[in-house]
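Student: Starting from the structure of chain A, add chain B where the hints point.
Residue numbers (the working numbering), protein chains in the order written: chain A, 927 to 1037; chain B, 2 to 113.
Mixed in with the good hints, there may be bad ones.
[What the hints assert, rightly or not] No farther apart than 20 Å at their CA atoms in a straight line, the calculated lysine to aspartate or glutamate pairs in the EDC-like style are these: (1) B:Lys72 x B:Asp57; (2) A:Lys975 x A:Glu992; (3) B:Lys58 x B:Glu74; (4) A:Lys984 x B:Glu101; (5) A:Lys975 x B:Glu101; (6) A:Lys975 x A:Glu1014.
[Unchecked claim] Label pairs and their in silico Cβ distance ranges: (7) B:Phe11 x A:Gln936: 21 to 29 Å; (8) A:Glu941 x B:Gln18: 41 to 49 Å; (9) A:Gln997 x B:Lys15: 45 to 53 Å; (10) B:Asp39 x A:Asp934: 16 to 24 Å; (11) B:Ser81 x A:Leu977: 40 to 48 Å; (12) B:Ser81 x A:Leu933: 33 to 41 Å; (13) A:Gly1022 x B:Glu80: 27 to 35 Å; (14) A:Ser978 x B:Thr55: 24 to 32 Å; (15) A:Gln968 x B:Ser68: 21 to 29 Å; (16) A:Gln968 x B:Ser52: 21 to 29 Å.
Keep in mind the hints are simulated off the structure, nothing from the lab.
Small disclaimer: the values here were computed from a predicted structure and weren't measured.
The C-beta atom is built at its ideal place from N, Cα and C for all residues, glycine as well.
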Amino acid sequence: AQSVTQLDSQVPVFEEAPVELRCNYSSSVSVYLFWYVQYPNQGLQLLLKYLSGSTLVKGINGFEAEFNKSQTSFHLRKPSVHISDTAEYFCAVVYGQNFVFGPGTRLSVLP
Amino acid sequence: NAGVTQTPKFQVLKTGQSMTLQCAQDMNHNSMYWYRQDPGMGLRLIYYSASEGTTDKGEVPNGYNVSRLNKREFSLRLESAAPSQTSVYFCASGSGSWNEQFFGPGTRLTVL
Chain A
927 AQSVTQLDSQ VPVFEEAPVE LRCNYSSSVS VYLFWYVQYP NQGLQLLLKY LSGSTLVKGI
987 NGFEAEFNKS QTSFHLRKPS VHISDTAEYF CAVVYGQNFV FGPGTRLSVL P
Chain B
2 NAGVTQTPKF QVLKTGQSMT LQCAQDMNHN SMYWYRQDPG MGLRLIYYSA SEGTTDKGEV
62 PNGYNVSRLN KREFSLRLES AAPSQTSVYF CASGSGSWNE QFFGPGTRLT VL
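With the rest of the complex left out, here is chain B:
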């Protein structure tokens, strides 16, 4: 099993460009999550999906959109990238809110 995979690993964008971060899991988990990690701030939840077909905002959703394409895949889209979105983005999946989350390797995004 690959666990949680994310693409790309690294990305550099110019302000105003758009891109989609891809995430897939092969553990048959219902819940999937997108976080951003910034120095000194831990991980902050951007969006989550408790089950296929549902998505909800987390702590810092502004400037992002998500799609739960099917049970395996959960993508994060930046429509118009801003320098404040420079961060490391982690996707995670889990089988319930009280259960362990499994994390992908992360995407390091720089917006110039």
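For reference, chain A alone in the conformation it holds in the complex:
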């Protein structure tokens, strides 16, 4: 079965520090890749997506992600985080008709 791995379940980081949230997926064929963010007691919102083209994708709120086909990875980065970035982040991959979500990484930004 296709799978999505997010290696870190929790990432604490100080405000204004850089952060990287890791995502790896199991398929080596062409895939579509997404990062979503979930703020407390809310639904998921799209941060960014990779469908084709440039492997560096820029999203909302200063986030970006890089698609690496050889390493089957799609890591999310932000050069300087804010308190308001505290949330849970989900990587998702489209296999066929369906989205497969990773287990999520809880980012906690500390003052």
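Tutor: Chain B in isolation, oriented as in the chain A frame:
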């Protein structure tokens, strides 16, 4: 536009009771989805509907049924609730399998 709406927001059931979770979207999307979210497991697809009149099982369909009433509405029914169905349920819609999905605010269900 309201986007994706879900009712109710919260529900407590006793084991064996039944209920229907309602979902509606006003974005004219063909595809609609039901997920459950459990701690440490991300979102798991229960059922989806690629277009009006069609439904298909996802990863965890057991204990659930769905109805795609029309293009706007996609309901999820629990016929006989079990404690293992305690979860947060999200409805989503989208215009195609490779496109962004838009999520509702969720329904927090507790089965005692």
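Student: State for each hint whether it applies.
Tutor: The hints, checked one at a time:
Proposed proximity of Lys72 of chain B and Asp57 of chain B is supported: the alpha carbons are some 15 Å apart, at most 20 Å. For the hint linking Lys975 of chain A to Glu992 of chain A, the alpha-carbon distance of about 10 Å falls within 20 Å, and the restraint holds. Our distance criterion of 20 Å between C-alpha atoms is met by Lys58 of chain B and Glu74 of chain B, whose separation comes to about 17 Å. Simply put, Lys984 of chain A and Glu101 of chain B have alpha-carbon atoms about 15 Å apart, close enough for the 20 Å limit, and the pair holds.
Between Lys975 of chain A and Glu101 of chain B, the direct Cα distance comes to roughly 8 Å. Compliance with the 20 Å bound is thereby established for this hinted pair. The straight-line distance between the Cα atoms of Lys975 of chain A and Glu1014 of chain A is roughly 17 Å, inside the 20 Å bound, and the hint therefore holds. Our hint of 21 to 29 Å for Phe11 of chain B and Gln936 of chain A holds, since their Cβ atoms are close to 26 Å apart. Hint check: Glu941 of chain A to Gln18 of chain B, Cβ distance near 46 Å, so the stated range 41 to 49 Å holds.
As the Cβ distance of Gln997 of chain A to Lys15 of chain B is approximately 49 Å, the hint placing it in 45 to 53 Å holds. Between Asp39 of chain B and Asp934 of chain A the C-beta distance comes to about 19 Å, which sits within the given range of 16 to 24 Å. At about 41 Å, the CB distance of Ser81 of chain B to Leu977 of chain A agrees with the hint of 40 to 48 Å. Between Ser81 of chain B and Leu933 of chain A the CB atoms are about 38 Å apart, so this pair conforms to the stated range of 33 to 41 Å.
For the pair Gly1022 of chain A and Glu80 of chain B, the supplied restraint of 27 to 35 Å holds, since their beta-carbon distance comes to about 28 Å. Roughly 27 Å separates the CB atoms of Ser978 of chain A and Thr55 of chain B, a value that falls within the hinted 24 to 32 Å. For Gln968 of chain A and Ser68 of chain B, the hinted distance range of 21 to 29 Å is satisfied, since their beta carbons lie about 26 Å from each other. At about 28 Å, the CB distance of Gln968 of chain A to Ser52 of chain B agrees with the hint of 21 to 29 Å.
Violated hints: none; the structure is consistent with every hint.
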